[in-house]
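Trainee: Spelled out from the first residue to the last, the chains are:
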Amino acid sequence: MSKNYFEIIRAGVNTTFQDKGRNNLYHIGIPFSGAMDNRNYLLANKLVGNKLDLPVIEFAYQGPLLRFYGDKINIVITGDVIFKIKQRSREIDGNCYETYQLENEDEINILSTNKSVYGYLAISGKFDLKLQWDSCSINTKANIGSNGGKKLENEQKIKISEVNENLNNKKINYLNSKIENIRIMKGTNFDYFSEKGKKDFLEKEFTVSKLSDRMGMRLEGPEIENIVNTNIKSEGLLKGVIQVPADGNPIIMLSDHGTIGGYPKIAVVASVDYDRLVQISPGSKIKFKEIELSDAETLFKLYEMETKNLLSQI
Amino acid sequence: MIKNILNLGDAALYCDFGTEVNKKINSEVIKYFNTIKEINIEGINNLTPSYNKLIISYDLKVTNYKEIKDKIEKLDVAEAQKINNKNIEIPVCCDPSFSLDMTRVENKLNLTKDKILENFFNKEFFCYMTGFIAGMPFLGDLDENMRVQRLETPRVKVPKGSVGITEQFADIYTFESPGGWNIIGNTPIEVFDSSKEINPNLINPGDTVKFKQITLEEYKNYNE
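Protein chains in written order, with my numbering: chain A, 19 to 332; chain B, 258 to 481.
Keep in mind the hints are simulated off the structure, nothing from the lab. Treat the hints with care, since some could be wrong.
[To be verified] One side only, chain A facing chain B, incomplete, derived with CB under 10 Å: (1) Ile48; (2) Asn161; (3) Asn165; (4) Gly167; (5) Ser227; (6) Pro240; (7) Lys251; (8) Ser252; (9) Gly254; (10) Gly279.
As the structure is a computational prediction, the values presented were derived from the model and not from experiment. We put the beta carbon where it would ideally sit given N, CA and C, even for glycine.
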């Protein structure tokens, strides 16, 4: 056991441990969870020389202010994040995708994500965490995962159980691309909606609501008119499914979604756009664009190749 | 039998077993669910059985819609092994401090509280599925005269342990959660135990459930 740890001076808005998530538990009501933006999660681990599936700290909007106690450790921040590093009492502006070496009493101050939602902090080593179903991922609604399933709080300590031997500094140049057009496939209840409802859904703009979180992204815009039934017999949900409840405002299921739902499914977001979808901040405008399944599969393959390519440059 | 298979996005198969809700169709869904779970098809990373649908999620990095669809269509479920379903008794206290919607249910059903409780506690329920929140069982079927619509405005917080009814179904809130079911009582027992990695759910699809009425005194002493 190493004596290294972080003290949380300010926890931030929604700071949790996340990793690759949990599989094969939908049938008992436990969602996938895991890092919202998978590409930035993988890049964070790779930059600090970790195995790609290790836990990292995920934050949303305002991140944590952490003070390091111990010998030496490398850290990296990924996403589009504004932060400062205090090294040996000298404060510098930090760059994402570049590692920094911390020594005893150095600090990381994550001020905010920049026109985006989620960012990641990885350390060159392992946090001392208790896993649940092979994952640290914290699901605050079900209190599942490390830290008792609760978000991190002020004055808590984050223990580090292991520090990597090789502490070479690494960086890459990467710019997060933003999207406004979300590619979707028709859902299983697409025909529950009127011609006008379908047209509005595919052509009009929607605003991302403030009520969005890790469970779902709520949208405001034209009311999508349902002509069949505003309820269906409850059935499984997935991340990316877009449900339209009786009020006509679409909700996109995100990583901590309820596993079963009874609202009609108008569409499903293509996997290729998921990482960028979750980064769209409240108040932003989005539009949907319909694509075929075969296109969605090809686009995802290309996106995966690009991710692998980025990882191989590190 | 599966009537129709569709894609639900690019990473899941939507298997449709019909539109009705009954034990026969649900048993088919559960048979497929158990068979697929048993044989471990590469790439499949989640299964969500419900009343009459089975959603099969897969890792798009490993496989695709066509491959999984072919495998499911060729699946032999005829020899599905017998699953040991349990009979479970759930203690419920219907003290007014717990039965938040009793008056509403009495008015909607035009039945007295005593009659509602008699019907409810005499019923043997079947678990169709679990989910929405971890471990929540969806139980059926209530008789025609006991069916009431969900609340017009859902509660923001339904207390943990609440027992609710809606249409022909009953459920148990395993956590404090938002919800729109009519709450008629509360159970002191843990229906979901997150400290158990294997079988965290007390009630699983296919199980039989009977509720047993307890007094407020018994409720308070239950976990001591």
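Trainee: Take the hints in turn and mark each one as holding or not.
Mentor: Structure-based check of all given hints:
no.: 1; hint: Ile48; verdict: holds, 5 Å
no.: 2; hint: Asn161; verdict: holds, 7 Å
no.: 3; hint: Asn165; verdict: violated, 13 Å
no.: 4; hint: Gly167; verdict: holds, 7 Å
no.: 5; hint: Ser227; verdict: violated, 16 Å
no.: 6; hint: Pro240; verdict: violated, 23 Å
no.: 7; hint: Lys251; verdict: holds, 5 Å
no.: 8; hint: Ser252; verdict: holds, 6 Å
no.: 9; hint: Gly254; verdict: holds, 3 Å
no.: 10; hint: Gly279; verdict: holds, 7 Å
Consistency with the previously given hints fails for numbers 3, 5 and 6, ordered from lowest to highest.
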